[in-house]
Amino acid sequence: MARAVVTVPPKAKRGEIIEIRTLVGHPMESGFRHDNFGRPIARNIITQFVCTYNGTEIFRADLFPAISANPLLAFTTVATETGTLEFKWTGDNDFALTATAPIAVD
Amino acid sequence: MNTRREFLLATGAIALAVHCRPSEATPATMQEAIRKVVGDAEIRRGKVKLDLPPLIDNGNVIALAVSVDSPMTPAEHVKAIHVFNEKNPQPNVISATLGPRAGRAGLSTRIRLADSQTVIAIAQLSDGSFWQASQDVIVTVAACAEEIS
Amino acid sequence: MDRRQRLRADRDRPHRRRLSGSPILLLVLALLRPSGAAEIAAEERRSGYEFMSAQTRAMQDDEAANPATLWLLDGEALWTRKDGAAGVACANCHGDAATTMRGVAARYPAFDAALARPLDLEQRINVCRTGAQKAAPFDYESRELLALTAYVARQSRGTPIRIEADATLQPFLDRGRVAYERRQGQLNLSCAQCHDQNWSRTLAGNPITQAHPTGYPLYRLEWQSLGSLQRRLRNCLAGVRAETYPFGAPELVELELYLMWRARGMEVETPAVRP
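Protein chains in written order, with numbering that gives the first Met the number 0: chain A, 0 to 105; chain B, 0 to 148; chain C, 0 to 274.
No lab work stands behind these hints, which were simulated from the structure alone.
This structure is a prediction, so every number in the text was calculated from the model and none was measured.
Treat the hints with care, since some could be wrong.
[As the list claims (entries may be wrong)] The calculated lysine-lysine pairs, modelled on BS3-like cross-linking and capped at a C-alpha distance of 27 Å, are:
1. B:Lys35 to A:Lys10
2. B:Lys78 to B:Lys48
3. A:Lys12 to B:Lys35
4. B:Lys35 to B:Lys78
5. A:Lys10 to A:Lys87
6. B:Lys46 to B:Lys78
Next comes chain A alone, as it looks inside the complex (with noise of 0.2 Å):
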């Protein structure tokens, strides 16, 4: 399930607060869960979700199991200069996933 989408405004004025949606597909399996013989699926989870603005770090979040599947994660920036928004989500076993946006500031 290695998808993901990102809203980010294609265009902004210096200076001009964007939003920033993000979804990403994954199950966030909690570890909380019993299967129909009892047994304890064991937690897959996305941990860490890093946005990065030409290179600076401008968002970060540690995500639990408490967050739902699927994990929506909206966020605002700055617009301060033309570039990319690179946004990347690391879990258990290994998952890492990367997506870039372009944003064209005037």
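Place chains B and C on chain A using the hints.
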């Protein structure tokens, strides 16, 4: 039409549907988790706004938004936002690191809540102070669910 | 099911049995109401969308926040992927899905002359897989089948459901209607008793909808995943403690057919979000 729902709305309480098992956490576990982040500092009420919907369709996916009143300048800004819960098996929900580049202090996500409980959001400011907001939620059990198969 | 939580005030009072949502109330309700339902009048038909909270509705409306978008992207990729011994993609025969698939999901389940029975969209896709692509069929509820079905059905979003009950389809439709109106399971309830006669009442904290399958495959919050109408029907059967038919069973397809016919004229909402 639905006086129970009107009652819940009126008292600001929240109805949730859940598909979980008995929780193993307690309010004490949550306090411990908070202390790990905050240390001995005092946590003041205010500045933080915690948004949970008035009527929850399902305890597996609950829209949560936290916003903090702050100018977000290099001199005065929110460094981190932490969210905790009382009765899930695990007390942490999310911990986010921000900074003046955020423009506005806030985040939105979707969370799971297993039981009737309190959710607490704590903001850590650049001057070292901690501020919090909390909300009580009520949980009900969903009707036509399936067994895990 | 006795881990039901009660309001705080209730918890502080001496223990008292609450009946709301319990099987006993359902049985009482069932005894008071005759089974054998009249269809919901056309002007009273409401989609499950209208019974949800504003937040869940926003989740459905906003593609950037709707988790089903992840499956749509996969479906789009599968549409152009060459597969099977024939080495063809859906696109090779069907071109641009936005044009060729528009309105298709709105008229499924549809009668298949070769098999002499109605097929739902998932089964139709598998017929293409095995027949045209010479590939193995996708498993029911597999990621690929859900993604492709969602992608195809998405092209019908906004179009009205149109099931025409001609002579060939009528016997299957009738069997679907009988199944819908028949009491079943340990709780001895029929679909009609909840969804025709008691819609908008709450059952264990959630409103009972009219059960129109306008948005399938959909993201169900309870599943935290995209799922098919058949999966939902199996949940319903489990809900009344009836034995669930296996995926692909003709009984399920007949029920799907009846439900889609019952929802005729309503707009397709795929991919929907539901509690």
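Exercise. Which numbered hints does this structure break?
Worked result: Those not satisfied are hints 1, 3.
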